[in-house]
Amino acid sequence: MQRFKTFFFADKMARWTSRVLLLLFWQLGGNLSVRVPTPLGTLQFIGQEWSRAYEGAPWGVFNNELSVNLIVTLARAGVALTLVVLVALVVGYAMGQIWRIQASFTDLVVVGIALPAFIWALLAVMWFGFGNIAPVFVGFVAGTPMLTVNVFQGSRAIPRELRDMSESYNVTFRHRFRHLVLPSMAGFVMAGFRVAALATWGAVTLVEWFGNNQGAGHRAHYWYDTSNFDGLMGWGLIILAVVITLDRAVLEPLVRKARRWRGDITGLGSAREGKRTVETSDLELLERDGG
Amino acid sequence: MAILRAENVVKDFPPPTKNQPTVRALNGLDFAMSGQTFVSMVGPSGCGKSTFLNIVSGVETPTGGRVVVTNDQGGPATLGYVFQDSRLLPWRTVIDNLRYALGDWSAESGDRVMGYLEMVGLKGFENMYPAHLSGGMQQRVGIARALSVEPDLLLMDEPFSHLDAITARALRTELQTIWERTRKTVLFVTHDVLEAVQLSSRIVIVEYGGTKFEDITIDLPYPRFQTDSAVATMQAEILTVFEEMERRREELDPRIAQDAGSGTEPPL
Numbered sequence: 001m002q003r004f005k006t007f008f009f010a011d012k013m014a015r016w017t018s019r020v021l022l023l024l025f026w027q028l029g030g031n032l033s034v035r036v037p038t039p040l041g042t043l044q045f046i047g048q049e050w051s052r053a054y055e056g057a058p059w060g061v062f063n064n065e066l067s068v069n070l071i072v073t074l075a076r077a078g079v080a081l082t083l084v085v086l087v088a089l090v091v092g093y094a095m096g097q098i099w100r101i102q103a104s105f106t107d108l109v110v111v112g113i114a115l116p117a118f119i120w121a122l123l124a125v126m127w128f129g130f131g132n133i134a135p136v137f138v139g140f141v142a143g144t145p146m147l148t149v150n151v152f153q154g155s156r157a158i159p160r161e162l163r164d165m166s167e168s169y170n171v172t173f174r175h176r177f178r179h180l181v182l183p184s185m186a187g188f189v190m191a192g193f194r195v196a197a198l199a200t201w202g203a204v205t206l207v208e209w210f211g212n213n214q215g216a217g218h219r220a221h222y223w224y225d226t227s228n229f230d231g232l233m234g235w236g237l238i239i240l241a242v243v244i245t246l247d248r249a250v251l252e253p254l255v256r257k258a259r260r261w262r263g264d265i266t267g268l269g270s271a272r273e274g275k276r277t278v279e280t281s282d283l284e285l286l287e288r289d290g291g
Numbered sequence: 001m002a003i004l005r006a007e008n009v010v011k012d013f014p015p016p017t018k019n020q021p022t023v024r025a026l027n028g029l030d031f032a033m034s035g036q037t038f039v040s041m042v043g044p045s046g047c048g049k050s051t052f053l054n055i056v057s058g059v060e061t062p063t064g065g066r067v068v069v070t071n072d073q074g075g076p077a078t079l080g081y082v083f084q085d086s087r088l089l090p091w092r093t094v095i096d097n098l099r100y101a102l103g104d105w106s107a108e109s110g111d112r113v114m115g116y117l118e119m120v121g122l123k124g125f126e127n128m129y130p131a132h133l134s135g136g137m138q139q140r141v142g143i144a145r146a147l148s149v150e151p152d153l154l155l156m157d158e159p160f161s162h163l164d165a166i167t168a169r170a171l172r173t174e175l176q177t178i179w180e181r182t183r184k185t186v187l188f189v190t191h192d193v194l195e196a197v198q199l200s201s202r203i204v205i206v207e208y209g210g211t212k213f214e215d216i217t218i219d220l221p222y223p224r225f226q227t228d229s230a231v232a233t234m235q236a237e238i239l240t241v242f243e244e245m246e247r248r249r250e251e252l253d254p255r256i257a258q259d260a261g262s263g264t265e266p267p268l
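In order, the protein sequences belong to chains A and B.
Numbered per my numbering, the first sequence spans residues 1 to 291.
Numbered per my numbering, the second sequence spans residues 1 to 268.
For the record, the hints were derived by calculation from the structure and aren't laboratory data.
Keep in mind that the hints are not guaranteed to be accurate.
Here are some chain B residues pointing at chain A (derived, C-beta under 7 Å) [as the list claims (entries may be wrong)]:
1) Val-23
2) Phe-31
3) Ser-57
4) Arg-87
5) Pro-90
6) Trp-91
7) Ala-101
8) Tyr-129
9) Phe-242
Computed Cβ-Cβ distance ranges for the label pairs, DEER-style [claimed, not checked]:
10) B:Ser-229 to A:Trp-99: 34 to 40 Å
11) B:Arg-181 to A:Val-87: 53 to 59 Å
12) A:Gly-236 to B:Thr-17: 56 to 62 Å
13) A:Ile-113 to B:Asp-164: 31 to 37 Å
14) A:Trp-99 to B:Asp-228: 44 to 50 Å
15) B:Val-23 to A:Trp-127: 37 to 43 Å
16) A:Glu-167 to B:Pro-16: 22 to 28 Å
17) B:Ala-107 to A:Thr-17: 52 to 58 Å
18) A:Ser-104 to B:Val-23: 28 to 34 Å
Even glycine gets a Cβ: it sits at the ideal position worked out from N, Cα and C.
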């Protein structure tokens with residue numbers, strides 16, 4: 001009974017109510033028109049994609065329309081994101097430390113942020129055609145400026161007092177980088193990584209939609225062409241599920257780890273009790289030590 | 001123990017705005033100390049005390065003159081620095097903050113730093129993050145960090161000025177006990193004359209403009225307390241020196257006398 005009461009008066013209840021209501025309205029909306037997909041139809045479609053063997057080959061866990069297309073997109077996004085991290089960390093950090101590099105790259109970063117991904121997507125398809133290069137390229141150009149800006153801000157935010165302290169103790173460059181520079185920038189890097197990951201994922205699926213014969217975007221486009229509303233929504237839902245899983249399973253724990261030293265540690269979308277501050281006074285310490 | 005020699009040290013800072021002159025923080029400061037001494041550098045705010053400490057520690061470079069710090073064998077001296085604020089890495093635990101300054105992450109270094117944490121009364125808090133400690137405890141970590149590098153010269157820049165009076169009093173007493181035990185060479189900067197008299201074996205008064213005005217030996221037995229009559233008498237004597245310094249400054253620049261009351265307050 002107590003568990004039941006706790007559940008009903010906690011924020012969990014509000015979140016689950018909104019989720020159930022959303023599904024209910026979605027189902028009702030679907031019943032009103034054949035042009036609106038329904039949750040049941042969408043789930044059925046996802047099941048069908050899973051059970052449909054990929055291009056006539058025998059069915060397997062990794063050889064069906066759902067798995068193959070999803071793995072292809074994940075691989076492309078993974079490669080693009082790796083390049084984003086490598087380039088943005090170096091360029092963003094250098095921009096924060098060396099004014100000439102900042103001056104050289106500022107305009108480029110602004111252009112990268114301002115130019116919509118679909119322009120890049122169309123250009124890339126024309127330049128590189130079908131295949132893996134176009135989605136990886138667009139994922140890279142869409143994600144890099146986002147992370148670069150954040151890393152740049154992070155590298156400017158390394159506290160001067162802590163740098164002076166490190167200088168006075170002759171801390172080596174390696175230790176300084178590991179224990180001062182990286183943790184100082186961690187919050188900015190994680191925030192930037194989250195935005196960059198979403199931008200990269202969106203860009204990769206967009207290129208697949210425009211011009212590719214494999215991947216989640218391509219498959220969504222395929223069902224769009226056949227006017228299969230459940231199919232379109234099904235792939236939308238799969239893409240959404242990947243984004244949420246990536247956010248909750250990878251990014252959120254990383255952000256929490258990067259912020260664990262703070263007094264008020266709270267997860268994103270999940271209430272966690274922060275660690276308490278020690279209230280022992282200095283006089284108590286002195287008494288304890290017999291001072 | 002360390003030998004510190006500073007000769008004709010000058011430090012200029014760039015002007016805050018284009019049309020202003022450079023700011024001279026130190027103007028030919030001569031200073032020397034060595035052995036088991038606790039020297040306090042006292043002077044009004046902005047007289048260049050902290051700048052001098054930063055030059056000694058290598059954080060700042062002097063515009064002119066030279067500063068040489070060696071250990072008693074003539075080799076390079078190891079320095080420990082306690083800042084006004086604790087300057088701890090907030091994302092590292094107490095013990096890792098000490099290891100960071102030490103540059104040694106071995107198990108042996110763990111034992112060593114634990115010894116210093118125990119010395120400042122923080123045994124049991126080693127795995128906490130600075131945000132979870134009070135201001136006084138954070139400053140204790142700062143002191144333990146400075147001691148853990150086993151410095152030949154310990155630099156302290158107004159380490160208790162950010163703390164409440166009760167905590168500062170407790171830490172002063174503790175610092176005195178630690179110093180009596182370790183007898184490190186200490187250069188302590190403060191604008192609190194009473195604090196300087198309680199702790200120091202020698203007080204150097206720096207006047208506004210960054211030159212040495214007076215060098216006074218404090219020949220009182222330890223432990224000292226701020227309520228001791230001898231300490232209070234010595235404080236009064238030193239304040240007289242400050243008044244004389246202020247008078248001389250007014251004679252040199254009559255505008256200061258006109259501005260009296262709105263200018264820099266003399267240290268207490």
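Results for each hint:
| no. | hint | verdict |
| --- | --- | --- |
| 1 | Val-23 | violated (18 Å) |
| 2 | Phe-31 | violated (18 Å) |
| 3 | Ser-57 | holds (4 Å) |
| 4 | Arg-87 | holds (4 Å) |
| 5 | Pro-90 | holds (6 Å) |
| 6 | Trp-91 | holds (4 Å) |
| 7 | Ala-101 | holds (4 Å) |
| 8 | Tyr-129 | holds (4 Å) |
| 9 | Phe-242 | violated (29 Å) |
| 10 | B:Ser-229 to A:Trp-99: 34 to 40 Å | violated (59 Å) |
| 11 | B:Arg-181 to A:Val-87: 53 to 59 Å | holds (54 Å) |
| 12 | A:Gly-236 to B:Thr-17: 56 to 62 Å | holds (57 Å) |
| 13 | A:Ile-113 to B:Asp-164: 31 to 37 Å | violated (47 Å) |
| 14 | A:Trp-99 to B:Asp-228: 44 to 50 Å | violated (55 Å) |
| 15 | B:Val-23 to A:Trp-127: 37 to 43 Å | violated (57 Å) |
| 16 | A:Glu-167 to B:Pro-16: 22 to 28 Å | holds (23 Å) |
| 17 | B:Ala-107 to A:Thr-17: 52 to 58 Å | holds (53 Å) |
| 18 | A:Ser-104 to B:Val-23: 28 to 34 Å | holds (33 Å) |
Hints 1, 2, 9, 10, 13, 14 and 15 from the earlier list are contradicted by this structure; the remaining hints agree with it.
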